[in-house]
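Quick note, the sequences are listed as chains P, G and V, same order. Going by the numbering used here, the residue at position 30 of the first sequence is 136; the numbering climbs one at a time, nothing skipped. Going by the numbering used here, the residue at position 188 of the second sequence is 661; the numbering climbs one at a time, nothing skipped. Going by the numbering used here, the residue at position 188 of the third sequence is 190; the numbering climbs one at a time, nothing skipped.
Careful: at least some of the hints might be erroneous.
[To be verified] Quick partial rundown of chain V residues pointing at chain P, CB under 8 Å, derived from the structure:
| # | residue |
| --- | --- |
| 1 | T7 |
| 2 | M8 |
| 3 | K226 |
| 4 | E229 |
| 5 | A237 |
| 6 | T239 |
| 7 | V243 |
[What the hints assert, rightly or not] Chain V regions said to be covered by chain G (calculated; three or more residues, Cβ under 8 Å):
| # | segment |
| --- | --- |
| 8 | 102-111 |
| 9 | 159-169 |
| 10 | 176-188 |
| 11 | 326-338 |
Hints are computed from structural coordinates only; laboratory data are not their basis. All values reported here derive from a predicted model rather than from experimental measurement. Positions of the beta carbon are idealized from the N, C-alpha and C atoms, including for glycine.
Residue-level listing of the chains:
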Amino acid sequence: MTTHTFETKHIQSGYDNKTILNDVNLSIPSNQISIIIGANGCGKSTLLKTMARLIKPTGGDVLLDGKSIHKMAPKQLAKVLGLLPQSPIVPEGITVADLVGRGRFPHQSVMKGWTKKDYEAVAEALEMMNITEFADRHIDELSGGQRQRVWIAMALAQQTDILFLDEPTTFLDITYQVEILDLLTDLNRKYGTTIVMVLHDINLSARYADYIFAVQKGQLVAEGKPSDIITSTLVKDIFGLDCAVINDPISATPLVVPKGRYHVKS
Amino acid sequence: MKNIPEKGNKQRLLPKHLAKVVALLLILLIVSIGMSLAFGSRTISLEGLIDGLFHPSVESHEASVVRQRIARTIFGLICGAALGVSGALMQSVTRNPIADPSILGVNTGASLFVVCGIAFLSIHSPSEYIWLAIVGAMLTAVFVFGIGSMGASGATPLKLVLAGAATTAILSSLVTAILIPRTNVMDQFRFWQVGSVGSANWDSVHIFIPFFMAGIVIAILVAPALNALALGDEVATGLGVRTGVIRMLAAFAGVLLCGAATALAGPIGFIGLLATHLIRLVVGPDVRFLIPLAAVSGAIILLISDVCGRFLGSPGELEVGILTAFIGAPILILITMKAKMRTI
Amino acid sequence: MMNETMNKIIKARKKRRNRYVGITIILAIITIVLCCTMMILGNTIYPVADVIDVLLGETIPGASFAINEIRLPRTVAGLFAGFAFGAGGYIFQTMLRNPLANPNVIGITTGSSAAAVFCIIVLHTSSTVVSLAAVVGGLVTVAIIYGLSKGTSFSIGRLILIGIGIQAMLNAFISYLMLIGKTNDLPNALRWLSGSLNGAELEMTYPLIIAVVIVTPVLIYFAKQLEMLELGEQAATSLGVNTNKTRVILMISAVLIIALATATTGPIAFIAFLAGPIAQRVVGVGFSNILPAGLIGVILVLGGDLIGQFAFETRYPVGVITGIIGAPYLIYLLIRINRKGDI
Chain P
107 MTTHTFETKH IQSGYDNKTI LNDVNLSIPS NQISIIIGAN GCGKSTLLKT
157 MARLIKPTGG DVLLDGKSIH KMAPKQLAKV LGLLPQSPIV PEGITVADLV
207 GRGRFPHQSV MKGWTKKDYE AVAEALEMMN ITEFADRHID ELSGGQRQRV
257 WIAMALAQQT DILFLDEPTT FLDITYQVEI LDLLTDLNRK YGTTIVMVLH
307 DINLSARYAD YIFAVQKGQL VAEGKPSDII TSTLVKDIFG LDCAVINDPI
357 SATPLVVPKG RYHVKS
Chain G
474 MKNIPEKGNK QRLLPKHLAK VVALLLILLI VSIGMSLAFG SRTISLEGLI
524 DGLFHPSVES HEASVVRQRI ARTIFGLICG AALGVSGALM QSVTRNPIAD
574 PSILGVNTGA SLFVVCGIAF LSIHSPSEYI WLAIVGAMLT AVFVFGIGSM
624 GASGATPLKL VLAGAATTAI LSSLVTAILI PRTNVMDQFR FWQVGSVGSA
674 NWDSVHIFIP FFMAGIVIAI LVAPALNALA LGDEVATGLG VRTGVIRMLA
724 AFAGVLLCGA ATALAGPIGF IGLLATHLIR LVVGPDVRFL IPLAAVSGAI
774 ILLISDVCGR FLGSPGELEV GILTAFIGAP ILILITMKAK MRTI
Chain V
3 MMNETMNKII KARKKRRNRY VGITIILAII TIVLCCTMMI LGNTIYPVAD
53 VIDVLLGETI PGASFAINEI RLPRTVAGLF AGFAFGAGGY IFQTMLRNPL
103 ANPNVIGITT GSSAAAVFCI IVLHTSSTVV SLAAVVGGLV TVAIIYGLSK
153 GTSFSIGRLI LIGIGIQAML NAFISYLMLI GKTNDLPNAL RWLSGSLNGA
203 ELEMTYPLII AVVIVTPVLI YFAKQLEMLE LGEQAATSLG VNTNKTRVIL
253 MISAVLIIAL ATATTGPIAF IAFLAGPIAQ RVVGVGFSNI LPAGLIGVIL
303 VLGGDLIGQF AFETRYPVGV ITGIIGAPYL IYLLIRINRK GDI
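Chain P with its partners taken away, still in its complex shape (with noise of 0.2 Å):
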């Protein structure tokens, strides 16, 4: 199990111009899971694409390690750190292995073929995800809850200690989200990789992360154990919502029961 630090320093970041975040600094912990929270547009997601590169930030410094990803190799950056796009494409008439295969990218030199490692890496990840079965179909043919079973093992493929994922359950049916979750927390537990992610679902979050990061308007409003952080205030503070926070009757975690203007028990 590798550990790795990884940091951001007073980031600001944001689209064209426009500010989103401002002056966030963070510590993930490693080989756990974390989980991203926020309500619509409160910067979770610019967060979670500027950690991983995907966004030069305006001020500040991601830091792996102690070293600033914007000055490492893309390579060799993408051989720690992997993401998960929230809505990445697919080519057309691509078959499942070719696309998991593509996860080897960073460990393949331009002028070798494939190497004894790298069909290890996919068969390992293809048996992973339960997709073995589907190895020569194409992705095109498959549901969206197997589809995104697919784009998890390219991330796995790659073999990174440090994983991100943007809404990995979004358009999923509650079904398979819990399957979804289940898979990456065997991944957590196996291989001790750290998991990021931005998730929706507060509830699921509660239950799966073993670390809560809450964004509210481009900052960081609180951060910890599910247990510890997540209260009736917190959520009214980043949700706008009055609601009860029980205890979860299957996971003994923070359950939050929302409450609306009407159905509430005098």
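Using the hints, position chains G and V against chain P.
Below, chains G and V without anything else, positioned relative to chain P:
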């Protein structure tokens, strides 16, 4: 997130500055008409201009030059107005900011039909070319719209532009293929293609008027419903609009106007794009005001471009379509640069 | 279990590799056959032995002139221009993830043509300068389109739309130049506006040959990066591809060969558009199809030229033939892409 125009017509019945904008446009229109009558290979004095227009008894040389330019000016006026309205209609129907005859490949469609008519049907008179050109223009527009609006997201600007560009490429190679072995057809065709506003006469005006009136009347009638359509098909249906019928009517009028204009004046692109966007910028998205004002500004743009072409091309003339492309294409680029990625 | 999976993957990859190699060889053979046909056929048909003798330097009255001065330049021009259009078009289509986004559609060839016509009509420069201007014109057009569409985040849709806008302006500019041009400059300028192998001269093809020989290895070297770009900007970045650098190098290389090909033969319709999708179809995806696409470009150009020369009573330039062959395919592709709804 939702596609709601910034100003609903409930909050404000009349757009801000409407009176000022109308006044300004009318002044510009009169100035551009005057310029179109006065400037050319021979520049006419104000006196000659007034003589030519209002004193039929005066027989000076200047006055007769002015009278000769009247038909051309009127033709330019109608043509510009038709293209302006056509742009406004097509943009509303497709909810697409860049729908414009030049982008729909309408010109090449008209060319192909005219060439076929000359080559295979031995058609020789200009009044027959015009029908062919209109049919060709219409079929092409329908074809490009059809292909461009397939798929879930409807006619996005990108799909429409690509469908138009591809269709243009196809049609122009067909035109070349037909022309190469037939030199006599090539000569006749050139005569039609060089048409432009310059060779317009009273005949062109007479042929144009019925199409123009039909198009404009439909446009004005469907304008309120188009406002509802701007909110999306589902919302429009909820508001009691028969979306299918309205869309058909508006598209028909739009294609009729640009088809007739192209048939008679040759390829003139980007006027609809330019006119509609300028007007939308100052009076907002209400289609009821957009249509008449786009007509006026379309006419102004065409007349002024035509006058500029007379100077730039001298001793000959620069076709007005070349100028409008030069002014209009940057607008396309600007729209694209400002647009949000997803809406492309 | 693990070994089983591995074998499955290895087998699938081998199968495709063999297919790739096999089809590339077949394409190369077709190319050679077409080149020979180009040399043999003409107003007079010369036997292969004569052709070889002439090429080896022997003088055969009649045959020497026809082969050395007409057929050889025609074949060489078609060969290298076809490869350049095919490979260059494939690079653009793959990079922009859209088969419709080829150099003809987004205005790059128009940029070359506009620069060349300007040199011919206004500056009256030598043909070397005209070729050079075409390359610069193509590159400047790409730079402008790319610069305007880049902003903080690159969007392909934006790039295509801006390209079409720029193209409209360039076409207007060309029309203006043709209007003010002197009559005796016009035939020379017209060569830049439609594709044909007529009047090809051997000396004119040298810059193109040199460029193709230099650029092709560069393209093949960057093929892997190109594959990663297909997954989208974000995925490619996270796999360690320097997306901006890769795109710039690939674009410059592709524009260089396309502009020089245009300088040699004029823009031959649809080659840059057709070659890539046909290559994907016959070879399949998963490998980078730069070489097959280039060969298919050659086959289309030479085949189209043979049809244009000999199939009809009138001789048609190759551009017209490829235009008409390409048209139905383009419509089909448009419909299919739009149905899928992911432009």
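The hints, checked one at a time:
1. T7: Holds, because the Cβ-Cβ distance from V/T7 to chain P comes to roughly 4 Å (cut-off 8 Å).
2. M8: Interface hint status for V/M8: holds (4 Å vs cutoff 8 Å).
3. K226: holds, 6 Å
4. E229: Interface hint status for V/E229: holds (6 Å vs cutoff 8 Å).
5. A237: holds, 5 Å
6. T239: Interface hint status for V/T239: holds (6 Å vs cutoff 8 Å).
7. V243: holds, 7 Å
8. 102-111: Result for this restraint: holds, n = 3.
9. 159-169: holds (count 8)
10. 176-188: holds (count 4)
11. 326-338: Contact hint for the segment 326-338 of chain V vs chain G: holds, 7 residues under 8 Å.
Violated hints are absent here; each numbered hint is respected by the structure.
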